[in-house]
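Peer 1: Residue-level listing of the chains:
Protein chains: 4
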Amino acid sequence: MRDVVEYGHRVLLAFEDGSHFIVSAGEDSFGTHKGVIDLSKLIGAEYGSALETAKGEVFFVMRPRFVDDLFKMKRRTQIVYPKDMAFIIFMMDVKEGDLVIDAGVGSAAMCGALARSVGNMGRVFAYERRKDFYDIAKSNLEKWGLLDRVELKLKDISEGFDEKVNAIFLDVPDPWNYISNCSKALLGSGNLAIVCPTTNQVQKVIEAIESENFIMVEIWESLFRKYKPVSERLRPFDRMVAHTAYMIFARKAEKRRKEI
Amino acid sequence: MRDVVEYGHRVLLAFEDGSHFIVSAGEDSFGTHKGVIDLSKLIGAEYGSALETAKGEVFFVMRPRFVDDLFKMKRRTQIVYPKDMAFIIFMMDVKEGDLVIDAGVGSAAMCGALARSVGNMGRVFAYERRKDFYDIAKSNLEKWGLLDRVELKLKDISEGFDEKVNAIFLDVPDPWNYISNCSKALLGSGNLAIVCPTTNQVQKVIEAIESENFIMVEIWESLFRKYKPVSERLRPFDRMVAHTAYMIFARKAEKRRKEI
Amino acid sequence: MRDVVEYGHRVLLAFEDGSHFIVSAGEDSFGTHKGVIDLSKLIGAEYGSALETAKGEVFFVMRPRFVDDLFKMKRRTQIVYPKDMAFIIFMMDVKEGDLVIDAGVGSAAMCGALARSVGNMGRVFAYERRKDFYDIAKSNLEKWGLLDRVELKLKDISEGFDEKVNAIFLDVPDPWNYISNCSKALLGSGNLAIVCPTTNQVQKVIEAIESENFIMVEIWESLFRKYKPVSERLRPFDRMVAHTAYMIFARKAEKRRKEI
Amino acid sequence: MRDVVEYGHRVLLAFEDGSHFIVSAGEDSFGTHKGVIDLSKLIGAEYGSALETAKGEVFFVMRPRFVDDLFKMKRRTQIVYPKDMAFIIFMMDVKEGDLVIDAGVGSAAMCGALARSVGNMGRVFAYERRKDFYDIAKSNLEKWGLLDRVELKLKDISEGFDEKVNAIFLDVPDPWNYISNCSKALLGSGNLAIVCPTTNQVQKVIEAIESENFIMVEIWESLFRKYKPVSERLRPFDRMVAHTAYMIFARKAEKRRKEI
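Protein chains in written order, with this note's numbering: chain G, 183 to 442; chain D, 183 to 442; chain H, 183 to 442; chain F, 183 to 442.
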């Protein structure tokens, strides 16, 4: 089985110095610090193989992972970090075939991750009220080949949600104002996830959640530390990300008692 | 749209004190610290609704998330923690339709997570050499409804892998002995992920990876901290998990230069 | 130079299984899980030497460090953790000869640490309003031989402080109510340190500090992780302390501009 | 009690934008981004008071803390971070009157901290084999007014130590080669502390310690996280230090059993 680059494939070019780029295999040429690359030469190259720039510098022809896309994406907003993104989707239990709301979309990093997780049979309803973000989101989702799984809406969520879904991801400056709307849009036992950068916001969100139909409330934060990959001097890198967001999770349940 | 419990559904019973149980809706009854529950009464109950035990204690009828399954699963081995599991699958870029190798399977926690990620069209080739672990793994995957996506093999990986795959997850005591086999089994630009509990193991793995056809090597560890969900006294819980495993990632590429 | 145990010395008895005890060398005997120890046999033993219990189990005769005292002290309150204590005193710049206020004293863990740092020429003014805590504090400081450096006061700090000092350590439930009193009691450019367990408290303290004569405000928290001391399987212990307190530092300065 | 700047005092000048400088009160003038400061005008100014530059920009006249000195010191080597320094001295139980060995001295950051802790009656024996580091160390200790407590030696520690001490701090590239010398130089139950940046070094140190007369071995690392001091948007800063050094502690004891 040969797995080769075809015309139009998005390709990650990885240099030996650790730098990398994402390009589109086709007619153009692409300039790097290691020399120019004729992008038509990528076509037919095997994934994982080594090629050379015009200057004779080696690079590897790789499929971009979604995590690579995130680091290279066009953005106008702060995005959810990969380290948090994976955990959030796991805790929200998003899986093949699910219906999910994403609000607000921003640059669509999380929207793309959700779209991958719901698969071909699932659907993401993505709310964004700013036209400029909506346009960037659309362009990013299109590039990643995920737009057909997403219903992108230019709409303010203060008007409520139009769908009933398995899970909702909320990333807005004032999430406490939409907890009630989230409760209405979630199917029974559905999952809500919220991200906030400040402790003050978390406090307000928890207060709002307490008064609505939610149980199993959890608040998390994550610290990821990277090590230098040198076997004889193994140690962490000197610096790391100290803070991205607090992650809040809750599940929809009718708090009022019913008789059996 | 009413979403109700049917006969045979696996159901999470969540009490207001934070305790929860996973049961099967059917003829049996289930004893808890809050009184006995007649499991036939679950049938027809709406997900997210509240019911009562024989003693009149309220509980909520919830769909178990995969993360809930992990905390209740039968196990004979240390499992990969959810906090690491989600990140590993993200970095391995596992998605709908992928072919993945999982070795060794252990209790099948990671195997289940991979099976969910590859979806109906994907496939996990799961290697386990111990019959007792193999049996537990099979039983867990069956319970989770994921066995049809997994080809479970009672086989030692020192004999090599039988497939060509997009990604490999390696969780064995001596991973450095199988790096070469992993390189052979991975498609070009495919993803390798390895977990090790000790720094000595990481050192050996990095040394082995350096001498094989891998690039983009990264080593990570994660710390997750949980907060008490009390808005007027927001603070982390007193204790946390300090260490689970170092996570090592690498991508298959032909290090030898080819001429364009 | 022989350094031996004398009558009345406080001695740390360290067993090979990691357990340890602090006793007073004298007439009594002391029962442990490893057999009884005749405490008169300690007298004349060299520090660092090995002795045996009546059952023939080996233990080592050690001087208790202050950090050992903290783990064995009588307490009725939550104490500041050693990991934070050392950093706080460092940031407060407490040194030989300094005058320091400690409020409230609680079980006197921090008070003892401050008393050690100011040395024989310095002085700690220690405020505690509860008689039961005052008594425990006094008893602990006496045992540690530090009471002569501490002026222990049974007094509520809402009445203000009686001294002018180089540094103040504030560990009370409502520190924001005493920021103004702290400002009055601090010498110019003096150091204030405050500990709070919750984010809500930190928010209130910062607000209060902003409106008083303080500059160079910093907020810190620390995470300490311990490793298993096994050279061939080096890794952290499984669990750790996740949270003790937020540490707030500020320095006294006249914010109002003066003409030169 | 007025506490004023005198001729020759080292003074911290703190600007409202968070920048600060350490100068010597005297005849010179000192240029800053906020305008020139006539250093003779500092003389007689009260500590904690506000003055103005020639451009009319306000700054505060503060006593430098030792932690401020560390961030401004002249250095040619990596220094132990304040966050670790305070904890190490605490765990080594260094106090007024103690005798301590510091090897190698480097730029004397730790040496200065130890000298402050042993007080006027204590003594630090400081070993450095490189003349250029020795000279910087001497100059820093002199500036801090701590040189009279330190016996600075231009000497390689492979020749052994000349003193018997309460505690030893070891910060050299190959600490495992000096564990035996440390054991000889420590008084019974004395404290050893070692810092290493890599896990490989820690492994070797632990192996060496196991075969020598040491007990109560502990390995620690610390993560300190700083928060933005903004009460209505309380959150950590974005980035932090991820790694400085592993800290190893052990106590001298005669492992060979003696009869009572």
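Hints should not be assumed to be uniformly reliable.
Put simply, identical chains are the same to the list, so a pair is met inside one copy or across any two.
[What the hints assert, rightly or not] DSSO-like cross-link-like pairs, simulated, lysine-lysine; straight-line CA separation at most 30 Å:
1. Lys223 <-> Lys386
2. Lys335 <-> Lys313
3. Lys437 <-> Lys223
4. Lys335 <-> Lys410
5. Lys277 <-> Lys408
6. Lys410 <-> Lys256
Calculated directly from the structure, the hints in this document are not laboratory data.
Peer 1: None of the hints should be skipped; say for each whether it holds.
Peer 2: Verification of the supplied hints:
| no. | hint | in the structure |
| --- | --- | --- |
| 1 | Lys223 <-> Lys386 | neither (55 Å within a copy, 37 Å between copies) |
| 2 | Lys335 <-> Lys313 | within (10 Å within a copy, 52 Å between copies) |
| 3 | Lys437 <-> Lys223 | between (62 Å within a copy, 19 Å between copies) |
| 4 | Lys335 <-> Lys410 | neither (43 Å within a copy, 35 Å between copies) |
| 5 | Lys277 <-> Lys408 | both (28 Å within a copy, 24 Å between copies) |
| 6 | Lys410 <-> Lys256 | both (28 Å within a copy, 28 Å between copies) |
In summary, the numbered hints that this structure violates are 1, 4.
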